[in-house]
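Colleague: Each chain is listed here by its residues.
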Amino acid sequence: MLTAAKKVVIITEATIEEKVIQLLNTLEVKGYTVHRSLTGKGERGIRSGLGGLISFGENICIEIIVSDEHKALAIMEAVYNKFLAKNYAGIAYLEDIRVIRPEKF
Amino acid sequence: MLTAAKKVVIITEATIEEKVIQLLNTLEVKGYTVHRSLTGKGERGIRSGLGGLISFGENICIEIIVSDEHKALAIMEAVYNKFLAKNYAGIAYLEDIRVIRPEKF
Amino acid sequence: MLTAAKKVVIITEATIEEKVIQLLNTLEVKGYTVHRSLTGKGERGIRSGLGGLISFGENICIEIIVSDEHKALAIMEAVYNKFLAKNYAGIAYLEDIRVIRPEKF
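Protein chains in written order, with this note's numbering: chain A, 264 to 368; chain B, 264 to 368; chain C, 264 to 368.
Misleading hints may appear alongside valid ones.
Okay, derived cross-link-like pairs now, EDC-like style, lysine to aspartate or glutamate, Cα gap no bigger than 16 Å in a straight line [as the list claims (entries may be wrong)]:
(1) A:K304 - C:E326
(2) C:K304 - B:E281
(3) C:K304 - C:E321
(4) C:K349 - C:E291
(5) B:K270 - C:E358
(6) B:K304 - A:E281
(7) A:K345 - A:E281
(8) A:K304 - C:E358
(9) A:K270 - B:E291
(10) C:K270 - C:E340
(11) B:K270 - A:E358
(12) A:K282 - A:D359
(13) C:K304 - B:E291
(14) A:K304 - C:E291
(15) C:K270 - B:D359
(16) A:K270 - A:E340
(17) C:K270 - A:E358
(18) B:K304 - A:E291
(19) A:K304 - C:D359
(20) A:K270 - B:E281
(21) B:K270 - A:D359
(22) C:K270 - A:D359
(23) C:K304 - B:E280
(24) B:K270 - C:D359
(25) A:K270 - A:E326
(26) C:K304 - B:E326
(27) A:K293 - A:E326
(28) C:K270 - B:E358
(29) C:K293 - C:E321
(30) A:K334 - A:D359
(31) A:K270 - C:E358
Simulated from the structure, these hints should not be mistaken for laboratory data.
Model the full structure from these sequences, guided by the hints.
Modeller: So, in structure tokens, the structure goes:
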């Protein structure tokens with residue numbers, strides 16, 4: 264009933280959401296979900312939504328479900344190399360999931 | 264210390280949140296978490312929160328933790344058959360997790 | 264290319280966000296992401312964002328990525344014992360993930 268798939272999760276700076284989405288589109292990603300208004304702490308310092316001085320640095324989380332690991336790795340490499348390696352804070356990771364009726368992605 | 268459990272994730276259209284919750288209640292789901300104000304792209308087109316014309320289509324993500332796979336599958340099948348198979352955009356998937364002190368669910 | 268890691272997820276009451284973050288800082292957590300404005304149902308009753316009477320009880324989700332299970336367990340135990348065991352609603356669980364270029368955490 265369930266089919267194994269991969270979920271790629273990208274957490275990065277909200278300011279580059281549109282650029283990351285554009286990159287995903289060039290990779291022929293069929294679907295993704297964007298979580299906004301996240302905050303966090305990472306290697307580039309605290310991004311606080313608690314009312315502090317540093318509310319400028321909100322994060323987003325983009326989740327992409329793909330059918331196989333090869334595709335997942337291609338997405339992660341592309342996003343890492345273009346955005347996360349040098350210029351923007353963020354992380355990309357992969358989770359194993361199982362999807363019901365996977366014909367949609 | 265940790266106990267294996269399953270997390271069911273349902274991503275679908277925000278307009279049916281209440282209906283999905285009602286269905287979960289009939290399935291005797293003890294707890295769930297709802298993430299709102301998501302946007303995304305899927306088989307029914309782009310739902311953008313980036314200020315575009317199509318802000319009507321926001322998504323939600325409902326996460327349910329259950330103790331065993333049988334219960335997880337029952338929830339996924341019910342939600343899929345009632346909402347996702349024909350009438351609404353969305354996806355349902357399952358993740359393996361390990362919970363601390365699982366007496367709560 | 265990918266390295267195994269652990270994601271700790273803590274879902275609890277929004278009112279204790281700052282206290283949980285302070286505890287994480289004492290545990291030398293290098294990074295975390297906070298999802299806000301969640302609602303849910305759990306052992307302490309319904310917390311609804313659907314416009315009902317009970318909008319006071321919003322939840323947060325804090326995600327922490329660490330390199331090994333030992334560190335993940337220490338975080339979960341500390342949060343459970345200080346907050347979730349008695350005084351606040353919530354759950355803590357762990358997921359296996361794989362991270363690209365893990366030097367950041």
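Colleague: Compare the structure with each hint and give your call.
Modeller: Verification of the hints:
Between K304 (chain A) and E326 (chain C) the CA atoms are separated by roughly 11 Å; this keeps the pair inside 16 Å, and the hint holds. Straight-line distance between C-alpha atoms of K304 (chain C) and E281 (chain B) comes to about 13 Å, which keeps the hinted pair within the 16 Å bound. A C-alpha spacing of about 10 Å is found between K304 (chain C) and E321 (chain C), which places the hinted pair at or below 16 Å, so the restraint holds. Proposed proximity of K349 (chain C) and E291 (chain C) is contradicted: the alpha carbons are some 24 Å apart, above 16 Å.
Distance hint between K270 (chain B) and E358 (chain C) is fulfilled; the C-alpha atoms sit about 10 Å from each other, no more than 16 Å. A hinted pair counts as satisfied when its Cα atoms are at most 16 Å apart, and K304 (chain B) with E281 (chain A) qualifies at roughly 13 Å. About 13 Å separates the Cα atoms of K345 (chain A) and E281 (chain A), which keeps this hinted pair within 16 Å; it holds. For the given pair, K304 (chain A) sits about 20 Å from E358 (chain C) by alpha-carbon distance, which is inconsistent with the 16 Å threshold.
Taken as a hint, the K270 (chain A) and E291 (chain B) pair is broken in the structure, with Cα atoms around 28 Å apart against an allowance of 16 Å. Proximity of K270 (chain C) to E340 (chain C) is assessed by CA-CA distance (about 14 Å); at most 16 Å being required, the pair is judged to hold. Our distance criterion of 16 Å between C-alpha atoms is met by K270 (chain B) and E358 (chain A), whose separation comes to about 12 Å. The straight-line distance between the Cα atoms of K282 (chain A) and D359 (chain A) is roughly 26 Å, outside the 16 Å bound, and the hint therefore fails.
Only pairs whose Cα atoms come within 16 Å are accepted, and K304 (chain C) paired with E291 (chain B) is accepted, the gap being roughly 12 Å. For the hint linking K304 (chain A) to E291 (chain C), the alpha-carbon distance of about 12 Å falls within 16 Å, and the restraint holds. With a C-alpha separation of about 12 Å, the suggested pair K270 (chain C) and D359 (chain B) falls inside the 16 Å cut-off, and the hint holds. Distance check on the hinted pair: K270 (chain A) and E340 (chain A) sit about 14 Å apart at the alpha-carbon level, within 16 Å; holds.
A hinted pair counts as satisfied when its Cα atoms are at most 16 Å apart, and K270 (chain C) with E358 (chain A) qualifies at roughly 10 Å. Between K304 (chain B) and E291 (chain A), the direct Cα distance comes to roughly 12 Å. Compliance with the 16 Å bound is thereby established for this hinted pair. Distance hint between K304 (chain A) and D359 (chain C) is unfulfilled; the C-alpha atoms sit about 21 Å from each other, more than 16 Å. For the hint pairing K270 (chain A) with E281 (chain B), the CA-to-CA distance comes to about 26 Å; that exceeds 16 Å, so the pair is violated.
Between the alpha carbons of K270 (chain B) and D359 (chain A) the distance comes to roughly 12 Å, so the proposed pair stays at or under 16 Å and holds. Restraint check: the Cα-Cα separation between K270 (chain C) and D359 (chain A) comes to about 13 Å, which is no more than 16 Å; the hinted pair holds. The straight-line distance between the Cα atoms of K304 (chain C) and E280 (chain B) is roughly 13 Å, inside the 16 Å bound, and the hint therefore holds. A distance of roughly 13 Å separates the Cα atoms of K270 (chain B) and D359 (chain C); the hinted pair therefore holds under the 16 Å criterion.
A C-alpha spacing of about 7 Å is found between K270 (chain A) and E326 (chain A), which places the hinted pair at or below 16 Å, so the restraint holds. Using a Cα cut-off of 16 Å, the hinted pair K304 (chain C) and E326 (chain B) holds, with the two alpha carbons roughly 11 Å apart. Under the criterion of a C-alpha separation no larger than 16 Å, the hint pairing K293 (chain A) with E326 (chain A) is consistent with the structure, at around 12 Å. For the given pair, K270 (chain C) sits about 12 Å from E358 (chain B) by alpha-carbon distance, which is consistent with the 16 Å threshold.
Proposed proximity of K293 (chain C) and E321 (chain C) is contradicted: the alpha carbons are some 26 Å apart, above 16 Å. This hinted pair checks out: K334 (chain A) and D359 (chain A) have alpha carbons roughly 13 Å apart, not beyond 16 Å. About 12 Å separates the Cα atoms of K270 (chain A) and E358 (chain C), which keeps this hinted pair within 16 Å; it holds.
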